[in-house]
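Peer 1: Take these sequences, add in the hints, and give me the full structure.
Protein chains in written order, with the working numbering: chain A, 0 to 508; chain B, 9 to 147; chain C, 32 to 335.
Keep in mind that the hints were calculated from the coordinates and are not lab data.
Remember, predicted model here, so these are calculated numbers, not experimental data.
Take these hints with a grain of salt, some might be off.
Unchecked claim - No farther apart than 25 angstroms at their CA atoms in a straight line, the calculated lysine-lysine pairs in the DSS-like style are these:
| no. | chain 1 | residue 1 | chain 2 | residue 2 |
| --- | --- | --- | --- | --- |
| 1 | A | K188 | A | K282 |
| 2 | C | K153 | B | K81 |
| 3 | B | K112 | A | K188 |
| 4 | C | K155 | B | K81 |
| 5 | C | K112 | C | K215 |
| 6 | A | K282 | A | K305 |
| 7 | A | K251 | B | K112 |
| 8 | A | K201 | A | K155 |
| 9 | B | K112 | B | K81 |
| 10 | A | K201 | A | K282 |
| 11 | A | K103 | A | K170 |
| 12 | C | K112 | C | K72 |
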Amino acid sequence: MPQNELMTRSNPTSRRTPPEEADMNMHSMTVRGKDRYKSGVLEYKKMGYWEPDYQPKDTDVIALFRVTPQDGVDPIEASAAVAGESSTATWTVVWTDRLTAAEKYRAKCFRVDPVPNSPGQYFAYIAYDLDLFEPGSIANLSASIIGNVFGFKPLKALRLEDMRLPVAYVKTFQGPATGVVVERERMDKFGRPLLGATVKPKLGLSGRNYGRVVYEALKGGLDFTKDDENINSQPFMHWRERFLYCMEAVNKAQAATGEIKGTYLNVTAATMEDMYERAEFAKELGSIIIMIDLVIGYTAIQSMAKWARRNDMILHLHRAGHSTYTRQRSHGVSFRVIAKWMRLAGVDHIHAGTVVGKLEGDPATTRGYYDICREDYNPMRLEHGVFFDQHWASLNKLMPVASGGIHAGQMHQLLDHLGEDVILQFGGGTIGHPMGIQAGATANRVALEAMILARNEGRDYLHEGPEILAKAAETCTPLKSALEVWKNVTFNYESTDMPDYVPTPSVAM
Amino acid sequence: MRITQGCFSFLPDLTDEQISRQVQYSLENGWAVNIEFTDDPHPRNNLWEMWGLPMFDLRDAAGVMMELNQCRKVYGDRYIRLSAFDSSHGWESVRLSFIVNRPKEEPGFHLERHEVAGRNIRYTTRSYAADRPEGRRYG
Amino acid sequence: MDLDIADMTNTVNLREELESVGIVEILAQLDRELIGLTPVKTRIREIAALLLIERIRKRLNLTSEVPTLHMSFTGNPGTGKTTVALRIASILHRLGFVRRGQVVSVTRDELVGQYIGHTAPKTKEVLKKAMGGVLFIDEAYYLYRPDNERDYGQEAIEILLQVMESQREDLVVILAGYGDRMDKFFASNPGFRSRIAHHIDFPDYSEPELLAIAELMLRDMNYKFSADAREAFIRYIALRKTQPLFSNARSIRNALDRMRLRQANRLVADLDRVLAADDIMSLEASDVLASRVFLNDGSMTSSA
Chain A
0 MPQNELMTRS
10 NPTSRRTPPE
20 EADMNMHSMT
30 VRGKDRYKSG
40 VLEYKKMGYW
50 EPDYQPKDTD
60 VIALFRVTPQ
70 DGVDPIEASA
80 AVAGESSTAT
90 WTVVWTDRLT
100 AAEKYRAKCF
110 RVDPVPNSPG
120 QYFAYIAYDL
130 DLFEPGSIAN
140 LSASIIGNVF
150 GFKPLKALRL
160 EDMRLPVAYV
170 KTFQGPATGV
180 VVERERMDKF
190 GRPLLGATVK
200 PKLGLSGRNY
210 GRVVYEALKG
220 GLDFTKDDEN
230 INSQPFMHWR
240 ERFLYCMEAV
250 NKAQAATGEI
260 KGTYLNVTAA
270 TMEDMYERAE
280 FAKELGSIII
290 MIDLVIGYTA
300 IQSMAKWARR
310 NDMILHLHRA
320 GHSTYTRQRS
330 HGVSFRVIAK
340 WMRLAGVDHI
350 HAGTVVGKLE
360 GDPATTRGYY
370 DICREDYNPM
380 RLEHGVFFDQ
390 HWASLNKLMP
400 VASGGIHAGQ
410 MHQLLDHLGE
420 DVILQFGGGT
430 IGHPMGIQAG
440 ATANRVALEA
450 MILARNEGRD
460 YLHEGPEILA
470 KAAETCTPLK
480 SALEVWKNVT
490 FNYESTDMPD
500 YVPTPSVAM
Chain B
9 MRITQGCFSF
19 LPDLTDEQIS
29 RQVQYSLENG
39 WAVNIEFTDD
49 PHPRNNLWEM
59 WGLPMFDLRD
69 AAGVMMELNQ
79 CRKVYGDRYI
89 RLSAFDSSHG
99 WESVRLSFIV
109 NRPKEEPGFH
119 LERHEVAGRN
129 IRYTTRSYAA
139 DRPEGRRYG
Chain C
32 MDLDIADMTN
42 TVNLREELES
52 VGIVEILAQL
62 DRELIGLTPV
72 KTRIREIAAL
82 LLIERIRKRL
92 NLTSEVPTLH
102 MSFTGNPGTG
112 KTTVALRIAS
122 ILHRLGFVRR
132 GQVVSVTRDE
142 LVGQYIGHTA
152 PKTKEVLKKA
162 MGGVLFIDEA
172 YYLYRPDNER
182 DYGQEAIEIL
192 LQVMESQRED
202 LVVILAGYGD
212 RMDKFFASNP
222 GFRSRIAHHI
232 DFPDYSEPEL
242 LAIAELMLRD
252 MNYKFSADAR
262 EAFIRYIALR
272 KTQPLFSNAR
282 SIRNALDRMR
292 LRQANRLVAD
302 LDRVLAADDI
312 MSLEASDVLA
322 SRVFLNDGSM
332 TSSA
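Peer 2: Given below as structure tokens:
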């Protein structure tokens, strides 16, 4: 009987050279017939989890993993093991498989490629039959795909890079409760990014002081203000206090400007009952939007999305905690997968990176996230880290939010990188303005409108940006001083997560 | 006060030349431009009156400007806005909307607070202009 | 006017100027596509030359006027008026006299309404679509019905006249129709006459020109006449011209369509025959002679 090489680790010094890509995807090694179910230990690649000839069906869920096997472990076997451990396999052969249509339920790794420029890492493509998943449940989908396998000993590291969700499965989800188009219609705001700010300092303000910041920012020209992820109900400000003062601020700012305004009231709490209570109160006060944190969990997110759809509420999601598993390139879950899950789960806003701000995000990868949020169809685009064609089956669009270390002086770059359907959140860039919060908000709004005007006029706004802003500042003192204060602020650090495929310039023939 | 609805309300009022460039941008995107006017600019009043139908199949902004000038002759004392509609699948709504005419005086809004149980307040926003009958609200 | 010295001493290279705007190509296309029509082509070259100079004068600040460019095209149906309108629009566009260069082609029905209050919106609708390009009004004289004082056409005329005068930089109007009727129309609507800068008369095609047109059309469709068919078609043209409702190139196109139909039926009638590509391309004399045009012609009775 062949020994499972994952169980008996080969001598780490006799490291095998990875086979060439051409050889890697050669043929099936599946043991068939009654030998397959003989008691004992069989290599995963011989159990039917490695099927290089398998043609994925349109209804299959496909996952792409970055597999880093322990030294000496065959990448094909490691990839087959990932397929096995994320579907039907256990470490030994079980006769009870024979009571089931086991071949259908087995996930099938059908392709393994070495990762360009990353020795020791492999991209494993694994297909899962639709029947493995409960309709409309992110909890079930994620428990299957990332449930057990990430701690598997024969792997040094494992990362879920991307997923192809079949239309048949997409249609079992509600999708964003409101969506970009309806959000714009409700707010009567078209043709420009929306503007927001997170109230600062995030901890310590009383309800009354907090309301002051909200009013000043909204009256000054922002569309939204936002609670921070850890603003829930603390000794310095309990949640009802915050909600009441915030809604006074929102209504006063609406009357002062004639515009619809909103503030994301964070309803994140310890239990679902608490969250529903807070959401109901927000609705009773006339808020158009509530907010939750990613840390409440997928099931709670889906519950809140359904509540939001039933109650005409926009649902903002702060991706609190995601960097613990999205940031490192070799291990965890890529944010693009989280973005896909959140579009299915049904939130309306998701923080998706700024490119130019203080938080992680290279331009190409971020572009990939934004496309996943906003397009009805994502074609495969390796240079943006998008590995599959993805149809969204007319699920609503999800509004990406750019937040963290951005300011008015970057408006041309933000518009160029992030486009029009995005919320730009200038927290420090509003509240830290030397002339006050209203002035800070006005500076941002004027910079934005001037840039949109110029773009629509066909100007090369990316290159003429500083000039366009300077011209707009001639009639707007707050903008002039914002440009002056933050003129040298940039955050240029190497990204830790970038696409593996870089487009090569084509040679003109 | 100055109502800041629409895409360009924080900039100085657009000149006809600037309006015309925004219209041309819309037409080149294949959007139909609509002229709408109102004397009740309540933030939730999204149904402004239409000046004719949205203009489909235009190539040049001059056509829209011709209508805008006609509309200004009749309703120059009110708010007038241009909205550009995108009929493509997945959007099927407005893509760009901005104010192109305002009354000389903008009286703004009154915020009414109706105090109810606990410390809750029910808010109502009322346009001061709407105190007077339609058509006699400005000037 | 701030004429500076640099401008005055600037030399203008006409050839470069002409080539840079790309109208040479349009004029060549006109020559290629349209058989005959020599006087029309000459007029268009003259207008193009005038506009080219006008453009240079504008650049040198020697003029600030927006020139009147509205035109009238007179001639019988099928003499190439619509085709020429398309080329004129391209020339105007390349030279910067219209911003977009589209041609919106209408007749009375698209401009004039059926009831009170219907006409102005209809006319304006058309004008708005034509802004930035050329409005081509075919059989323009139908707008004016002297026999009916309350005809809504008058309303359309007034709107047109006003826009032709006040929005010369926004669109060019071309009025087209039969020569004699256009003359009467202009006589009773002097407003139009005074706003038209260029009159172009489209002569009928001669018989050899009509034959050349037919052969050009056939070549474009990958057909050809056999020698006999060509002879028969020459006789066809001579007969057809004398009959009612003859409309030059348009009648030729219709005749060719019917001949292709007959040829197809002739070929399909003999299913066992093995065909060469040449057979499928060729129109034979019988395809031509089966035309009703030859019915009343005594000399043909024996050959049908």
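Peer 1: Taking the hints in turn, state whether each one holds.
Peer 2: Taking the hints in turn, this is what the structure says about them:
no. : hint              : in the structure
1   : A/K188 <-> A/K282 : holds (21 angstroms)
2   : C/K153 <-> B/K81  : holds (20 angstroms)
3   : B/K112 <-> A/K188 : holds (24 angstroms)
4   : C/K155 <-> B/K81  : holds (16 angstroms)
5   : C/K112 <-> C/K215 : holds (19 angstroms)
6   : A/K282 <-> A/K305 : holds (14 angstroms)
7   : A/K251 <-> B/K112 : holds (23 angstroms)
8   : A/K201 <-> A/K155 : violated (38 angstroms)
9   : B/K112 <-> B/K81  : holds (15 angstroms)
10  : A/K201 <-> A/K282 : holds (23 angstroms)
11  : A/K103 <-> A/K170 : holds (22 angstroms)
12  : C/K112 <-> C/K72  : holds (12 angstroms)
Checked against the numbered hints above, the structure breaks only hint 8 and satisfies the rest.
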